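Student: The lines below spell out each chain.
Number of protein chains: 2
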Amino acid sequence: MRTYFDCIPCFLRQALDALRRMGGDEAVQEKVLRAVLKAAGEMDLGRSPPAMGQVIHRLIREATGDADPYREAKERLNRLALDLYPGLRRRVVEDSDPLAVALRLAAAGNVIDLGVKSGIAEAEIAGAIGDSLSAPLDGGAVERFRRAADLAENILYIGDNAGEIVLDRLLVEQLGAGKVTFAVRGAPVINDVTVADAEASGMAEMVEVIDSGSDAPGTILEDCSDAFRERFAGAALVLAKGQGNYETLSDADKPVFFLLKAKCPVIARDIGCPVGSLVLQGGSEE
Amino acid sequence: MRTYFDCIPCFLRQALDALRRMGGDEAVQEKVLRAVLKAAGEMDLGRSPPAMGQVIHRLIREATGDADPYREAKERLNRLALDLYPGLRRRVVEDSDPLAVALRLAAAGNVIDLGVKSGIAEAEIAGAIGDSLSAPLDGGAVERFRRAADLAENILYIGDNAGEIVLDRLLVEQLGAGKVTFAVRGAPVINDVTVADAEASGMAEMVEVIDSGSDAPGTILEDCSDAFRERFAGAALVLAKGQGNYETLSDADKPVFFLLKAKCPVIARDIGCPVGSLVLQGGSEE
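The listed protein sequences derive, respectively, from chains A and B. Just so we're aligned, residue 1 is where the first sequence starts under the numbering used here, counting upward by one. Just so we're aligned, residue 1 is where the second sequence starts under the numbering used here, counting upward by one.
Hints were generated in silico from the structure; no laboratory data involved. Remember, predicted model here, so these are calculated numbers, not experimental data. Beta carbons: idealized from backbone N, C-alpha and C, even for Gly. One should not assume that every hint holds.
[What the hints assert, rightly or not] Lysine to aspartate or glutamate pairs mimicking DMTMM-like chemistry, simulated, CA-CA at most 25 Å apart:
#, chain 1, residue 1, chain 2, residue 2
1, B, K117, B, D270
2, A, K117, B, D270
3, B, K38, A, D44
4, B, K117, B, E75
5, A, K179, A, E153
6, B, K254, B, E153
7, B, K254, B, D215
8, B, K38, A, E62
9, A, K38, B, D17
10, B, K117, A, D270
11, A, K263, A, D138
12, A, K254, A, D211
13, A, K38, B, D44
14, B, K38, A, E42
[As the list claims (entries may be wrong)] Which chain B residues face chain A? A few, computed with CB under 7 Å, are given here:
#, residue
15, F5
16, P9
17, L12
18, R13
19, L16
Based on the sequences and whatever the hints tell you, model everything.
Tutor: Right under this line is the structure:
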């Protein structure tokens, strides 16, 4: 997906959020904001929004010397989701269609995205989970995904955010942990999942975890490691979670299933759904 | 008032709104957005937000060749407010405290600000008017204003927006049209009042109308004409409407009364009130 004009005010807001989260010197904040404005003024709008996100968060980390400003937030979000996990797992396994419920809950978990919103409250996560169980979800896409997942011998599951990764476990269990590889970002960026989150969430005990080799808040293939690109190319099925992965892989050569909550108007328009929708997209609609 | 970091994403949103309002070529829009990003990256944050607004809207007018992109919107807003005027005037004159009601309605009219929001619906204006009659308004400030207005032999009333100017007539009537001079912007910018709006609203038939000599969406004194600055210096009482005038005159050497609806979080924080408040500020609180 290209970068739309509406992404530009949002880049600035996102940079401000990150700078405030780190507190500190107003002069440093001003310096970073000016650098972000300059970079945005010169950016290639043909590239995806996470390409700019990568630039912004590098500028912030360099200027502030903090390699992971969202570390505490990520730890809190993982703990919060782990508290919800046992109850949610019961809902999945007791349902007549556990895969469909796991898809809904994993999509609901995508509400935990600090790139879109500055903060997220426990009640908002609980609300998104409750809503997801009855929200519209493309039944055709669920069936296409079910068939593709049954047939696939190896599945690459590209994660998105801390906290959300705990809910991804519900879906990984339904897919069969033995055939899933879970991909995280190569370095901290916003509250995106890293190896540390795969460990804190329990995901690392279930499946093989690989990292993208990139610090972009998405999957910019040309910026990923050779090792990651090989795994991506070799996967029988790729499931990519969240907005950043959609933005960076929606034009990929390989068919990808996307599972996300459409939280911003730009993404919703690109997908063609109302803001707030649960989205499962992928597979050919013959 | 200085420019806060939070104003920066808002500048970009405002530029996008104006560009979209004019429709037209995406390449021109992109060119202007890049120029706005560059200007914002180099701006002096010690200056007020309307100083940047002035730069942005000049860039837009130059790139698009449209000297007044908001002309139709302003005409519509004036007509809409003129339809409401007779009923509102009755409310004022039938009240036991007509000045207080006129202050409330003139402040409610300040909701008609296309710098803060891209569009405004008739229902929103009616809602703001309805709410204003019972909303909290600083009673001490009303009494200070009443005394100052009674004593003043000449009053400079600095207008803000088209549409809103019709509701300003209610307050001008209470102040005594004979001693009021009404100031408009020197050239079109957003939906700010110009001489054309003073004529369309009926204000020009009631009082002397002068213009600031500046195309800033506020009153940047050093950018105003000598004639305007003389009138400003010579006024026994200055009443400035709206956010743009507050932002540019809140640090002026001369005491000014401000009347506005605090529509954005930055202004609300600067004033120290909740977003959405009716604000009358000025006069010394002995």
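Student: Decide, hint by hint, whether the structure agrees.
Tutor: Status of each hint after checking the structure:
no.	hint	in the structure
1	B/K117 - B/D270	holds (19 Å)
2	A/K117 - B/D270	holds (23 Å)
3	B/K38 - A/D44	holds (15 Å)
4	B/K117 - B/E75	holds (17 Å)
5	A/K179 - A/E153	holds (6 Å)
6	B/K254 - B/E153	holds (17 Å)
7	B/K254 - B/D215	holds (22 Å)
8	B/K38 - A/E62	holds (21 Å)
9	A/K38 - B/D17	holds (21 Å)
10	B/K117 - A/D270	holds (24 Å)
11	A/K263 - A/D138	holds (17 Å)
12	A/K254 - A/D211	holds (19 Å)
13	A/K38 - B/D44	holds (15 Å)
14	B/K38 - A/E42	holds (9 Å)
15	F5	holds (6 Å)
16	P9	holds (4 Å)
17	L12	holds (4 Å)
18	R13	holds (4 Å)
19	L16	holds (6 Å)
Of the numbered hints stated above, none is contradicted by the structure.
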